[in-house]
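Enquirer: Sequence:
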Amino acid sequence: MTILDNLRTVASNLIHPDQAFNARNRNLILPERYPSDLVTWKATSRGADGLRTKQSHTGETVRTAATPEDEGNAIRRARVLRDSVHAHERELACLEKSHLAYGLRIPSTSHPDVPRRPESNAQVVSTHGLALMPTDPKRDHNEPNALPRFKFFDRDAGVVSSGVGFAYLKGGGALRELALIAYAMEVAVRRGFESIVTPDVARRNVADRCGFVPRDDEIKGGGVAGVKTPEQMYGIHSKHGSEEATLVLSGTSKIPLTAEAGARGKYTLGLYRVHQFTRVKLFSITVGERVKRTDDHTTLPAKADKASDKELEDLRELQIELYAGLGITFWTSALDMPSEEHGA
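FYI, the UniProt record's numbering numbers position 313 of the sequence shown as 313, with every residue one higher than the one before it.
Please note that the accuracy of each hint is not assured.
To be verified - Subject to a maximum C-alpha distance of 25 angstroms in a straight line, what follows is the list of computed DMTMM-like cross-link-like pairs (lysine to aspartate or glutamate):
hint : residue 1 : residue 2
1    : K151      : E177
2    : K310      : D113
3    : K306      : D113
4    : K281      : E321
5    : K97       : D83
6    : K310      : E321
7    : K281      : E177
8    : K97       : D37
9    : K97       : D49
10   : K306      : E321
11   : K138      : D113
12   : K281      : D314
13   : K170      : D154
14   : K170      : D156
15   : K42       : D83
16   : K281      : E317
17   : K281      : E143
18   : K170      : E143
19   : K54       : E91
20   : K281      : E186
21   : K170      : D200
22   : K170      : E194
Just so you know, the hints here were simulated from the structure itself, not pulled from any lab data. It should be emphasised that the depicted structure is a prediction, and the values quoted were computed from it without experimental measurement.
Put together the whole structure using the sequences plus the hints.
Expert: So, in structure tokens, the structure goes:
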């Protein structure tokens, strides 16, 4: 039973129509008992609240008992109620854990302007730089690294010391990485970001709150697979109040043991796909927007706060400045990537 097939009866409050197609494509399956589990959760929650109310009244009876016999009877009732409350809480914890596990797999809601369905529906917003070079299957980006004077990485040494998927940056490669980090940080700080260097790990509950839920069967690593810069940045924001919703941070992080999804092949050559690398991330939080949903799409009310739209545009302009400053030809289609390509 998929969410798409059972949208109206099972998950009307958990998933919106614009997410249903993505949910089906990601093989999100709800168990057959899920509708009854939702009913059970609501009934158990109400029952626990009622028992807590009785528990409070019984506690008052113990304090105001006129005789030792009345006090003893009240204490016995209080113990029975306490055990019942604990039983309800254990059942609620199990149900909530199950609901959370499935809820985390539901794709995020897309912006109303996002094109629907596959990557072929992507819309190019603008292009920058020189004309693209024509594709050539004979061209290999790894060939310059074979020349002694141009050798800037060593994957063989990485395999010996750390395993497949690791590489050493050498000479110009190491200097180039440091220069790119410094350049990106300088641009971000100039545009109002605060520079941050994060720890190499983040607690699992912090990663979970950021919605990092790997789906690829080839991703390995368990507890360390979710260690990403956004999760580490969120760890800073989590101690701030909602009044600081415009918090902006720019940080570097060495990503340890981040297993890359996908089968081995030509894309695992060189530095195209490695398990450890340094990245500069832009992280910002804006005030949430109220949205109105209809049967087939999501709409924003006319007077909605467009803080997130403005922030996204600012981030796009910053990225254009970054790549244009390096003279790199690139296409900017970040605002109009199709819903199936968002990875959520």
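Enquirer: Tell me, in ascending order, the numbers of any earlier hints that this structure violates.
Expert: Hints 11, 17, 22 contradicted; others consistent.
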